[in-house]
Amino acid sequence: MDITSDTHSQHISNQFNQELEDLKTHLMAMGGLVEKQIQDAIAALLEGDSRLAERVRDNDTAVNDMQLKIDEECTRVLARRQPAASDLRLVLAVIRATSDLERIGDEANKIARNALSLAESGRSARGFVEVRHISEHVRNMVRDALTAFARFDTELALKVVREDDAVDSEYTSAMRSLVTFMMEDPRSITSILSVMWILRALERIGDHADNLAEYVIYLVKGLDIRHSDVDTLDERDLGSKG
Amino acid sequence: MSVIHSPSAAPSPIVDFADAASCFVIDDLTLDYAGKPALSGLTLRIPRQRVTAFIGPSGCGKSTLLRALNRLHDLNDEAGRQGRIRLEGTDIHGDEVDVAELRRRVGMVFQAPNPFPMSVYDNVAFGLRLQGIKRKRVLDEAVESALASAALWDEVKDRLHGSAWALSGGQQQRLVIARTLAVQPEVLLLDEPASALDPISTLKIEELIRGLKSRLTLVLVTHNMQQAARVSDYTAFLQAGELVEYAATDRLFTNPRLTRTENYITGRMS
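Note that the protein sequences, when read in sequence, are chains A and B.
Position 3 of the first sequence, counting from 1, maps to 3 under my numbering, and the rest follow consecutively.
Position 23 of the second sequence, counting from 1, maps to 23 under my numbering, and the rest follow consecutively.
Since the hints were made in silico from the structure, they are not lab data.
For each residue, glycine too, the CB sits at the ideal point set by N, CA and C.
Hints may contain errors.
Stated by the list, open to error - For each label pair, taking beta carbons as the anchor points, the in silico distance ranges come out as:
1) A:Q15 to B:R159: 44 to 50 Å
2) A:N64 to B:N224: 38 to 44 Å
3) A:D71 to B:R159: 49 to 55 Å
4) A:E47 to B:T254: 46 to 52 Å
5) A:N140 to B:R48: 53 to 59 Å
6) A:I12 to B:G211: 32 to 38 Å
7) B:S145 to A:D71: 47 to 53 Å
8) A:K69 to B:T254: 55 to 61 Å
9) A:I12 to B:E207: 27 to 33 Å
10) B:A21 to A:E155: 36 to 42 Å
11) A:N64 to B:E207: 38 to 44 Å
12) A:K69 to B:F110: 57 to 63 Å
Claimed, not checked - Covered stretches of chain B, as calculated for chain A (at least 3 residues, CB under 8 Å):
13) 138-150
14) 222-231
15) 259-268
If we strip away everything but chain A, and leave its shape as in the complex, we get:
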C-alpha cells in the first residue's frame, strides 16, 4: 500500500506517533541546517567572505551532532517498538538520510575551506560562473529531495533522481573548460585546482541528494531503487498496490 505523510500518526499508541513524528521533524531540521551550510559556503566563495567561510566550518560540528542524536532516536525506536512495514521503512530511511545529510555537510565544509584559501590568495579565480550555475542546480536538488521526504512525494523524488544525470554532465563540461584555462595560464593552476575541488564537492552533493530521493521512494513504495537504472524504472510497475 502507498503511504502518505500522515500515515505515521495513526497508531493506537500516541507515544509511538510522537516518536515517529519527532524523527521526521528532527531530520527536517538537520536538512534545513545542511541547506544553509551549502548556501553559506557558496556565498562565502562568490563574495570572498572569509568570516562566513569560517562560520560554515564551525557549524559542521552541529550537523554531526544532529546525526548522532537522530541515529540514537532511531536505535531507541527499533529497540523499544520493533516497528514493521511502513514504520520500519521510515526508521531505515531516516537512518540512511542522516548519513547522506552529514556527508553533504562535509562537502559544504570542503567548499568553505577552499573558499578560505581562495580568499587568502586574493586571486579572482576563473570558473565562478560554472560554480554558480552548478551550485544552484544541486541546491535545488537538495531542497526538492527534502521536500519530497517531508511530503512523501515520489514524483518529486523521481525528478531529483533524474536531475542527477544533468548535474553530472554539467560537472564534466565545467571540468573540461577549467583544464583549458589552466593550459592557457599556468599561474592560475593553484586557484583553479581549488575551484575544481569545489565543483567536485558540488557534484558529490548532487549524488547525496539523489540518494535522499531514493530513500523517499523506498519509504513510500517499499521499493529499493538504489543501483537501478532510472530509465528502466519507467517500464517497471512501481504501482499496483491498494
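Got chain A sorted already, so can you dock chain B onto it with the hints?
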C-alpha cells in the same frame, strides 16, 4: 508523468504453491456455528515443510481455520461447513477418512500446556500405547526420540517416571509437543503455543518450531506478531472470517500490499 502510479484493482490476496509443494489445499471454505458465519470463502494452500502463521484480531477465525485442519470443529454439533480441505490430495471430509487417523497425522498443541496426570514417560508413550504398541524397547526408543525432537530429553532424562505436572510451564509445553511427535505426525498445528510462557521458554518453543520444519509442516496461530515474524515462512492475515492478505512473511512485515494488513501489523486504527 506518472511513473509510480496509484493503486489499480487489488489482485487476489493469495500466494500460491504448486500441488506438489502443498500440504493442505483449502478450497472456498466456509464455516459457521449455529448459522453464525466464522469463515467465509477461504481459498489458500499451505506449503509442505514450512511454517505458516495465521494472524488477526480476536474472533477473526484464525483458530477456527486451524481447528478445521484436523476436523476439531466436527466436535461441535452446530458447526456447518461448505467447501473442501484436501490433505496431500485427499479430501479430509471424505467417507473413507478415519478421523482418529487424520488427527494422528495432523497433531495439535494448544495454548495452555495440558500434560496428562501421569509420568513424563507415560505422557509421551500414551499415543503409542493407544496404537497397541507394548514392547518396552520400542516404547523406550520412541519416547527418547520424541523427547529429543522436542528438545526436552536432556532436561527430563533423569526424571522420566516423575509426574509431568512437576515440570515448568515451558517444559510441559515441550512435553506436549513430544507427545504429539511420538505418533509421527505429518503436520503440527500450534494454537498460541507460547502465549502462556515466559520469554526464554517462548524462544525455546520457537527454536523447536524452526528445527521441526525439516520433517513436518507447521501451522501456527499467534497473537504475537513478532513471533509470527520470527518463526514463520508465510503469514496469512485474517479479519472478520476473511483471508485479507497471504504472503511470504518477509514481504508481509516489511511491505504489505493492503492497507488493512498494514494497519493491523503496525498497530493503527482501522
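To see whether the hints hold, each was checked on the structure:
A hinted range of 44 to 50 Å holds for the C-beta pair Q15 (chain A) and R159 (chain B), which are about 46 Å apart. With their beta carbons about 39 Å apart, N64 (chain A) and N224 (chain B) fall inside the hinted range of 38 to 44 Å. Checking the proposed 49 to 55 Å range against D71 (chain A) and R159 (chain B) shows it holds: the Cβ atoms sit about 50 Å from each other. Between E47 (chain A) and T254 (chain B) the beta carbons are some 48 Å apart, a value that agrees with the proposed interval 46 to 52 Å.
A hinted range of 53 to 59 Å for the beta carbons of N140 (chain A) and R48 (chain B) is consistent with their spacing of about 55 Å. Checking the proposed 32 to 38 Å range against I12 (chain A) and G211 (chain B) shows it holds: the Cβ atoms sit about 35 Å from each other. Roughly 50 Å separates the CB atoms of S145 (chain B) and D71 (chain A), a value that falls within the hinted 47 to 53 Å. At about 26 Å, the CB distance of K69 (chain A) to T254 (chain B) disagrees with the hint of 55 to 61 Å.
As the Cβ distance of I12 (chain A) to E207 (chain B) is approximately 31 Å, the hint placing it in 27 to 33 Å holds. For A21 (chain B) and E155 (chain A), the Cβ-Cβ distance of about 40 Å falls inside the hinted range of 36 to 42 Å, so the restraint holds. Here the CB-CB span from N64 (chain A) to E207 (chain B) is close to 42 Å, well matched to the stated 38 to 44 Å. As the Cβ distance of K69 (chain A) to F110 (chain B) is approximately 48 Å, the hint placing it in 57 to 63 Å is violated.
Counting residues of the region 138-150 of chain B whose C-beta lies closer than 8 Å to any C-beta of chain A gives 0; at least three are required, and the coverage claim is violated. Remark: the region 222-231 of chain B is confirmed as covered by chain A, as 3 of its residues place a Cβ nearer than 8 Å to a Cβ of that chain, reaching the required three. Beta-carbon proximity to chain A at under 8 Å applies to 8 residues in the region 259-268 of chain B; the threshold of 3 is reached and the given coverage holds.
Violation of the numbered hints given earlier is confined to hints 8, 12, 13; the remaining hints are satisfied by the structure.
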